[in-house]
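S.K.: Residues per chain, in single letters:
Number of protein chains: 2
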Amino acid sequence: MSEPRNCQSHEFPWEGRGASLDITGARFSIYPMDNSFASIILDSILMVNTDKVYSESDALSTVYRGRLKHVFDCMGAVFLNSWSPGLHLALEGQVSKGCPGDSDADSYFTEDDVPLNRPNLTVENFSVIAKLALYPLGCPGYLDIIGEVIRMADREKLNPKIIHYATRIEGGIFEVLDFLEHVSAFAQDKSSHYVLHFTISAGSPTREQPYS
Amino acid sequence: MSEPRNCQSHEFPWEGRGASLDITGARFSIYPMDNSFASIILDSILMVNTDKVYSESDALSTVYRGRLKHVFDCMGAVFLNSWSPGLHLALEGQVSKGCPGDSDADSYFTEDDVPLNRPNLTVENFSVIAKLALYPLGCPGYLDIIGEVIRMADREKLNPKIIHYATRIEGGIFEVLDFLEHVSAFAQDKSSHYVLHFTISAGSPTREQPYS
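From first to last, the protein sequence lines stand for chains A and B. If you use our numbering, the first sequence corresponds to residues 1 to 212, in order. If you use our numbering, the second sequence corresponds to residues 1 to 212, in order.
Extracted from the complex, chain A is given alone in its bound form (with noise of 0.2 angstroms):
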């Protein structure tokens, strides 16, 4: 399998000033699945320390904007506050950058990479099923660039399977989170334009057959 192909801007003909700035962003929404989820949620949002990211919520989402490391380091807060033991929780979110059609308007730009969040979380590391599905835009050549993620989660040890329109993964809560951040930095690398979708799924109580 050869390398997948660059697909930055001067290949295809959006040229927007969006696509040139470097403001990654996410829009995520938490789902606890129990009558106290409206102070879950809300409790969750509150305790994320947001002095690194352009933040706003509202009654479908939140959304983040900054450098990649912030913009994930605050929604996996956002998952880790939310969760506990026995709580059917999920996650559903998009990550994205370079639309040619984005401003700099909404976003907080730090220089530095260190994380406010989850060094300060004293949660525990936890199973999670979640899947993922990666979009390269305007790029001919988007197939290889997602083939390359199928492989990137073998070789993180998250046991990926193809799905119908995405692919599963399985393991702690910190490794898929760290997984979801590697390709979205591999797919900023590869596309002037991607979006990442994924849900993430804690604590559900239906029990499959093992999947190889």
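To be clear, the hints were calculated from the coordinates, so they are not data collected in a lab. Remember, predicted model here, so these are calculated numbers, not experimental data. The reader is advised that the hints may include incorrect statements.
Claimed, not checked - To give an idea of the interface, some chain A residues facing chain B are shown, with a C-beta separation under 10 angstroms as derived from the structure:
(1) Asp51
(2) Pro119
(3) Leu121
(4) Val123
(5) Leu137
(6) Tyr142
(7) Asn159
(8) Ile162
(9) His197
(10) Thr206
(11) Arg207
Stated by the list, open to error - Which stretches of chain B does chain A cover? Using the computed rule of at least three CB atoms under 8 angstroms from a CB of chain A, they are:
(12) 65 to 77
(13) 89 to 97
(14) 110 to 120
(15) 127 to 138
(16) 163 to 169
Unchecked claim - Some but not every residue of chain A turned toward chain B, in silico, with C-beta under 10 angstroms:
(17) Leu42
(18) Ser96
(19) Tyr135
(20) Gly172
(21) Phe174
(22) Ala185
Positions of the beta carbon are idealized from the N, C-alpha and C atoms, including for glycine.
On the provided structure of chain A, position chain B as indicated by the hints.
M.R.: This is chain B only, laid out in the frame that chain A set:
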């Protein structure tokens, strides 16, 4: 604004058999924010008449594959079956067609477009908010195609608003489901391979400032 260019498979180098198959698929998850989530999810899925689609559920999500009309009919029925006044309920989904790697396995194809579920449901229309993001893949002119979606939402009176990484809409659940089906039909007409991601939310207790 010019009409978006078509981006059919002859224009890009991926000519896998999948792109020529007439199989639309949906992968989605439903999140009832309630202690009874397990029975709400399972009952709503079991109530769906899946005679005209291939269906598969696991701990993360459910897949339907077949004709566009039936895929939307079944997925919409899960949301409509799950809902009750006072419940905060969300559906996260993706609808896709034309992945060059797709095969005709795991699909069910009928010639007719007569839906088996929604005409038989007694649930009345209710208000939802939703967001969507369309990805025409392998397609240098993808932004023109995406731009048309906002105009479609405007014509269908769903009050579209461009937000970071998505378009937000609001309206009755029937109109929102119909609109997502219209966007899928439009996308398959314009692009050999597309993925449409969306989130539908009902009954959120979050009070927002009205937006115009």
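S.K.: Confirm or reject each hint.
M.R.: Right, here's what the structure says about each hint:
1. Asp51: 20 angstroms, violated
2. Pro119: Nearest chain B Cβ about 27 angstroms off; hint violated.
3. Leu121: 24 angstroms, violated
4. Val123: 21 angstroms, violated
5. Leu137: Since the shortest Cβ distance to chain B is 6 angstroms, the answer is holds.
6. Tyr142: Result: holds, 6 angstroms to nearest chain B Cβ.
7. Asn159: It is violated, given that the least Cβ distance between A/Asn159 and chain B is near 14 angstroms, above 10 angstroms.
8. Ile162: With Cβ-Cβ at 8 angstroms, under 10 angstroms, it holds.
9. His197: At 6 angstroms from the nearest chain B Cβ, A/His197 passes the 10 angstroms test, so the hint holds.
10. Thr206: Since the shortest Cβ distance to chain B is 4 angstroms, the answer is holds.
11. Arg207: 8 angstroms, holds
12. 65 to 77: violated (count 1)
13. 89 to 97: Our answer is that it holds, as 4 residues pass the Cβ test (under 8 angstroms) against chain A, meeting three.
14. 110 to 120: violated (count 0)
15. 127 to 138: Coverage by chain A holds here, the residue count being 7 at a Cβ distance below 8 angstroms.
16. 163 to 169: holds (count 5)
17. Leu42: At 9 angstroms from the nearest chain B Cβ, A/Leu42 passes the 10 angstroms test, so the hint holds.
18. Ser96: Since chain B brings a Cβ to about 5 angstroms from A/Ser96, closer than 10 angstroms, the hint holds.
19. Tyr135: With a closest approach of 5 angstroms, the A/Tyr135 hint holds.
20. Gly172: 17 angstroms, violated
21. Phe174: 19 angstroms, violated
22. Ala185: Violated, because the Cβ-Cβ distance from A/Ala185 to chain B comes to roughly 18 angstroms (cut-off 10 angstroms).
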